[in-house]
Structure formats: structure tokens, C-alpha cells
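A.B. asks: Here are the chains, one letter per residue:
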Amino acid sequence: MILIVDDRPENIFALENTLKINNFEVDTAESGEEALKKVLKNNYSLIILDVQMPGMDGFEVAEIILGHNKSKHTPIIFLSATSKEKKFIERGFATGAIDYITKPVDPDLLLLRVKSLYSFSQQKTELANIKNNLLKEIAEKQIYQDKLANKVQELNIILEAMPLIAFTLNTEGKIEYVNNYWKENKLGTDNFPGMIDKSENWKQEWINDFQKGVEFNENVTLQIPNEGLQHHVLKIVPVKQNNEILKWIGTLTNIHSQKIMNETLEHKVIERTEDLIIKNRELKNSNEELQQFTWVMSHDLKEPIRKILTFANLIHDRYLIEEQKGKKEIERIIASADRMAHLIDDLMGYTKLSDAPIFESTNITEIVEQIISDYELVIQEKQAKIIYSKLCIVDAMPSQLRQILQNLISNALKFSKTNESPIIEITSQRIASCDFAAKVKKDGDFCRLEVKDNGIGFDEIYLEKIFQVFQRLSNGHSIEGTGIGLAIAKKSIEKHHGLITATSKLDEGSTFIIILPIKQKHKEE
Amino acid sequence: MVKNVLLIDDDYDDHLFFESILDELELGISLVTAENGISGLKYLKETQNLPDLIFLDLNMPQMGGFDFLKILKEEEKLKNIAVVIYTTSNNHFDIEKSRESGANMFFSKPSNLIFLSEKLKQIFSKKLNSNHTFQLVQK
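In the order they appear, the protein sequences are chains A and B.
Just so we're aligned, residue 8 is where the first sequence starts under my numbering, counting upward by one.
Just so we're aligned, residue 29 is where the second sequence starts under my numbering, counting upward by one.
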């Protein structure tokens, strides 16, 4: 758009028409002040300015327009009718105007000038626009580059700050950056990864992973100055943007102390285990020695106590039949010595229980038959009757099971009523669970074995106590005669992972109930 | 009926108890005593009159009961003699070992001579031999 500034409307009118006919857009102002206002508001490609105007003259207006940042490149043509002298023309150009035309104006000439200046102005604007765009692009690129540089710097700071050896590789797999730890360890930067260790094993794998663009991990040894070869974990990960690898970041973490620690630990564990085995063996030996000692001691103790008993009995039976003097005292000696003999017997039996369990398939029927055969003399003498059917076959320690049953049967024979011959019934059932009240089940996992007698029985308030060893040892007078046989039986049954209990009524007999698993987990074949 | 009995025991008190009971019983049984396995074997090899029954203690100096029994069972001439283990022990393991070694009876030494006398009477009244089933005699 072209701005025409003239204080005379007729001048404006003529010029405006000429330009409009030639397809220019035109704006007008009738004073310098109006012109300045419009210039501030709009962008003009050309300003045609009258020199003589009331108020501000053309020169002043031009100076202001060209002094203003926004409009400083707008071309200005002065038009003057009166100021034709050279000094005016000089002043006009001095303000920065492009042309100075004196009136009368040849319209064709003016039009040509306007056209050429207009297109010049247009080109200038375009150039300015291009320049602006270029500047913008350059600025954007600068920002992007700054950002990138920041990122790289950030990364490098991070890599510096990490307490491990770190480096980056470019897309060709060559070292691009190394941190201080790398430098401290004097690894050099040529020929990656040749500087890391002498082993060739993993290098082909690295090349494969590198070509595939995937993370690489490897345990390597690194020559560290003053410390020698140290175990490290090498990790190299690709840094990707839009699925394209920009670079690789690698780290070498020293795991030497951990590895050494682990090895030491393993070594220590082995050592300790060996120690334990030795200690265990020693313990077993000393346990065996202790058992042997108890065994020998008990045996040696038993001999004199038997003598005391025998001679006391002899005096009692031979010389005190008629004599009442000293008879009670001798009887008390006999009772005490008798109890001591029992305790020693029990001690011997209890000692041998601590052996490791070895289970084998055991037929309880055969054991019962053997015990009956062993006690044939007593059975005959007491006219006892032992009734048994086919009994369970269980995984057990046969000698211990025999000892238990022998104890129960001999107790039943021993504590029979004086006026009634003993009847002992032995039965067994397969049951579903390890529970006294469990239901009978044909292929149950447990055996319930019962030994029932018609003897003198005992008061059930003693039920707990008859199975307790120390209770009996310290308080021998609660139930006379059974020793710690039942405590031994209970301990044996527990070693078989079973249960034992009893029911009884005074003068009506007792029933001992044992639950045993049919199969033991650790069985000796 | 048992006629000749050999008692192998290092305890002289037991010799005396046996002698006095045999005297009392008046069964016409002759008793020979030895104080350990070695002298017992020596007697058995020399005598013309083998015993019907041997009472054998387990714990004895020089040669104990089990070693004696092992040798006895290897001797063709002697292996058929019935053996009663006669010991202070009343222990399960000694009992099993006696059974396995071929003894015929395990007699736990009683502390009452009346009981001993009764049991000996019972034993002597039987015709014991080495095939006799193993028996336990305990108070």
C-alpha cells in the first residue's frame, strides 16, 4: 500500500486516481501528524510526501518516519513545487528519502518511479522476511544444539559422578568419552574393547550384541594399577532416540571384593561344615564313651548291690525266721537295695536309647511269639494265657519294639492278681490317623496295638507319671516295681513317631495302647 | 536228669551259693567251678566226664562269656552242651547277644537264694540240650 501525504486534497485526488488506475492500493493523509499516526498503525510499501505543509513539513515527517524502528526501511519520495533549489534536494536525501521530485509532475514518469520503487520495496520486504525466517531457524538450531550439548554434558557429569569406570562409544563402537576412573586406571582409549582384558572369549559376543543393538553384559578382569587383576562387571547399553542408536554407554563395576568375599565365605562355609562334621563325630564319640562309661558303671554298681541283697536275703531267710530282732531293719535294707538295683537296670536301658534310629520292616506277631517263648517258664508257673491274633507289620527298630512289648508283657505277668491267672490279650488294627481315637481303616497308615491284662491295674491319676522318667527316679514310691521301663517305652515309641497311653482301673486290669506308623520315612533296606 | 554241672564265674560268692543250694537240693549233682573262660575250656578239654549243663557268667577277666561261647560252639565235642548264661546283667542287648550266640537260657542272677534254688530245681528237672529253645529267667 502506498501512502500519499499532501495538505491539498486536489493534489491527493489527482495522484490517488493515477495510482489506483494502475492497481495500487492507496491511503492518504492531509497532514504530517495524520501521516505519522497512519505509519504507526499500518505498513506501507511507499510513502509519497509533500515537502511544503503547514505544521510539520515533509522533511520533519520523513525524519521521524525513518527514525522509527518499524518504518525505517520504508522508501519515501518527496514531492515539491516550491523548494527546487539544490539545498532542499540535498536536505531531502539527507533525511534518507529515496527520491526527490519537483512539480509539475509528469504523471507517467512518477508512475514509473513509483512502480520501480514499489517493487524494490516489495523485494526488500521479502528479503527481510527471508532474513527473519533464516534468523529464526538459526536460533532454533542453536537452542537444539544447546540442549544437546547440555544433555551430553549432563550425561558426562553423571558418568563422572558414578563411582565406577564409565565410557561412551559412538555408533561405530569407538570410544567417545571416558570418565576420570577410566583415566585413573590408565586404560587408554584406542582399540576398544581390547584394553579391557586379554580374554578373547567374550569379544565376539560383544560384536554380535553391538551389531544387533542390544545390551551387553560380561564378567571381565581388569588390570588395575597397584592392585593387579580385579573382577569387574562390564555392561554396555545402547542409547536410542526414535529407535535409532545415538551412542552406547558402558560401565565397569568392580566386584572384586564381593567376589573375593563370596569365595572367602564359601571357603568359610566349607571349613565350618568340616569343623561341624568333626565336632559331630567327636560328640558322637564322647556320647558313646559316656554311654559305655554308664554301662560299665551300672554293671559294676550292680554287682555289689546284688551281693548286699543276696546276703541280706540270706540273713533274713535263714537266720531271722523266728527272730524278730533286726528283721524289720534287714527288710528295709532289702527294699532299698532292691530299688537301687532296679534304678541301675533302668539306667542301663535308658542309656542305650540314644542310638540313631534304623527302621526295618518288623512283624509284631513274630516279636510277640518270641517273647512268649522267652517267658515260657513264667507263663507255665503263673498259668498265664496270652491271646493274640495276626498283628501288624510296621517299619520299626525290632530290638526296641521287642523291649517295649517285653516290658508290657512282663509287667502284665508280674502285676497279676494272686487269685486269678493272668490273661493277656494282644490285638492290633490299621487306623486312619495318628490318634488314639482314630477310626479303623483297612489300609490306614497307622497301627493301633493294644496289650490288655486282667491284673491289679492302677489308678489313672498316675497315668501321666508312669511314663515320666525323672518323676520316677526322684519319687520312686508312687508306683512300686515298674522302674522306668514305661518311660523307656515312651521314648522308644516317640523315636518311632508314635504314641503310647494306657487305660486302667484298680483291680480290673490295664490296657496299654500304642500307635505306630506303618511306614517310616527314613528306612534302612 | 542233669548230673554234671560246670559253673564258669569269677565270683566266688556265686560258687558258694551254688554249692550250698546243690547241697540242700540233694539231687546228686556234681558241680565243677572255673573262674573264667580259659580255665573253663581247659577243664572241658581235659575231663573225661563232660557236663550236661554249663552256667556261664558274661563279664570275667581274661576270657568273658561270649568269647568262651564262641569257641565252645566251634568244638565238635563240646557244642552240644546246653548253656545257661548266668549274669548280673538284665540287659536287653546282652539277652539278644546271648540268643544269637547259641545260649539256651538267659538267667539274670537273682538276689534271693530261695528264688535261685527254685529256678535251679526247675532247670535241673528238664533234660536240657543245645537244641532247647532260648528261655529268659528274670526275677
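Honestly, the hints are just simulated from the structure, not real lab data.
Careful: at least some of the hints might be erroneous.
So the derived label-pair ranges between C-beta atoms look like this [to be verified]:
id, chain 1, residue 1, chain 2, residue 2, range
1, A, K424, B, F143, 14 to 22 Å
2, A, K335, B, E146, 49 to 57 Å
3, A, D442, B, E146, 32 to 40 Å
4, A, S380, B, E102, 24 to 32 Å
5, B, E128, A, I267, 52 to 60 Å
6, A, E515, B, E102, 48 to 56 Å
7, B, K167, A, S380, 42 to 50 Å
8, A, Y326, B, E146, 32 to 40 Å
9, B, K167, A, K448, 41 to 49 Å
10, A, K291, B, K167, 32 to 40 Å
11, A, L272, B, E102, 57 to 65 Å
12, A, E376, B, K73, 53 to 61 Å
Remember, predicted model here, so these are calculated numbers, not experimental data.
Idealized CB from N, CA, C, for every residue including glycine.
A.B. asks: Quick check: which numbered hints come out false for this structure?
C.D. replies: Hints 2, 3, 7, 8 and 12 not satisfied by this model.
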